[in-house]
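Chains as they are written, first to last, in the numbering used here: chain A, 1 to 199; chain B, 1 to 52.
Hints were generated in silico from the structure; no laboratory data involved. Watch out, some of these pointers could steer you wrong.
[Claimed, not checked] FRET-style restraints, in silico, Cβ to Cβ:
#1 B:A20 <-> A:R186: 52 to 62 Å
#2 B:A18 <-> A:G152: 30 to 40 Å
#3 B:Q25 <-> A:A82: 47 to 57 Å
#4 B:A11 <-> A:L169: 45 to 55 Å
Predicted, not measured: the structure shown is a model, and the values here were computed from it. Glycine included, each C-beta is placed from N, C-alpha and C at the ideal position.
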Amino acid sequence: MNTLVLASELTKRPVVTLEGEAVAQIKDTVFDGPAGQITGFTLNGRGLLSGPLKQSLPWPAVHALGRHAVMILGREVLAEPAAVVASGEAAGGGVLGVRVLTDEGTDAGTVLDVVVEADGRVAGFQVAAIEPPEHRRRTVFIPRGEGVAVSGQALVIPAEACRFVADDLPSFTAQVEIFRTRQAARGTGAGQEGRERTW
Amino acid sequence: MIWWGWLIVAAVMLLALAAAVAGVQARRRAGTVIAVQRGRRFGKGFRKGGDR
Numbered sequence: 001m002n003t004l005v006l007a008s009e010l011t012k013r014p015v016v017t018l019e020g021e022a023v024a025q026i027k028d029t030v031f032d033g034p035a036g037q038i039t040g041f042t043l044n045g046r047g048l049l050s051g052p053l054k055q056s057l058p059w060p061a062v063h064a065l066g067r068h069a070v071m072i073l074g075r076e077v078l079a080e081p082a083a084v085v086a087s088g089e090a091a092g093g094g095v096l097g098v099r100v101l102t103d104e105g106t107d108a109g110t111v112l113d114v115v116v117e118a119d120g121r122v123a124g125f126q127v128a129a130i131e132p133p134e135h136r137r138r139t140v141f142i143p144r145g146e147g148v149a150v151s152g153q154a155l156v157i158p159a160e161a162c163r164f165v166a167d168d169l170p171s172f173t174a175q176v177e178i179f180r181t182r183q184a185a186r187g188t189g190a191g192q193e194g195r196e197r198t199w
Numbered sequence: 001m002i003w004w005g006w007l008i009v010a011a012v013m014l015l016a017l018a019a020a021v022a023g024v025q026a027r028r029r030a031g032t033v034i035a036v037q038r039g040r041r042f043g044k045g046f047r048k049g050g051d052r
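Using the sequences and the hints, build the whole thing.
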């Protein structure tokens, strides 16, 4: 599995061409909710006095999503903002802070961050969870299930995903693997034992 | 102009510069995560060529 990174850690990461020119820095991370895939990034200019750029970075133009920089082939791969997100979508599509509901109607908390892989897939969500029965608050990582629905009001996840939570990113990697194996096995009808744990 | 008049001019210029920087920083709002729905522009159940 690829290295996991929080979307908030991508913000302000420099966008650098393979010639070594830093052309921008990441502002927003945009992802396709149903597909669970990053579609691109909106950009800020470099420097104190530069505002948002009238260009965006579509995911197919990303050469590498590195630990310290996002690499692109050249400045020419940058596209118009609508190639990544339309202005209406940007206004109503914010995910951070929205309520997390399971498909069984249980309130699982609120979204703190989105966990992405280096290949652009959304692995899951960092959630301020509400622990039953005492309703204590706790930060956990929940894998993204298939058919996840997300809007500016709520994120709806499969209830089964809540049985594969983790407390930190390293252990979350294993939980995501188990969850995906479990879902794939369910798709083929085969049984699979996972290391289930819930909050 | 009396000498402290230049102080007022300098102060106003500094204020204008600070406002410009603040404006730019506001436009450079903190990044966020945005969810979009690609391939579902026509709603659930849409079939290309119309529902039959």
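Each hint, compared with the structure:
1. Roughly 57 Å separates the CB atoms of A20 (chain B) and R186 (chain A), a value that falls within the hinted 52 to 62 Å.
2. Taking the beta carbon of each, A18 (chain B) and G152 (chain A) are about 34 Å apart, inside 30 to 40 Å as hinted.
3. One distance hint, 47 to 57 Å for the beta-carbon pair Q25 (chain B) and A82 (chain A), is violated here, with the actual separation near 25 Å.
4. A C-beta distance of roughly 50 Å is found between A11 (chain B) and L169 (chain A), which places it inside the suggested range of 45 to 55 Å.
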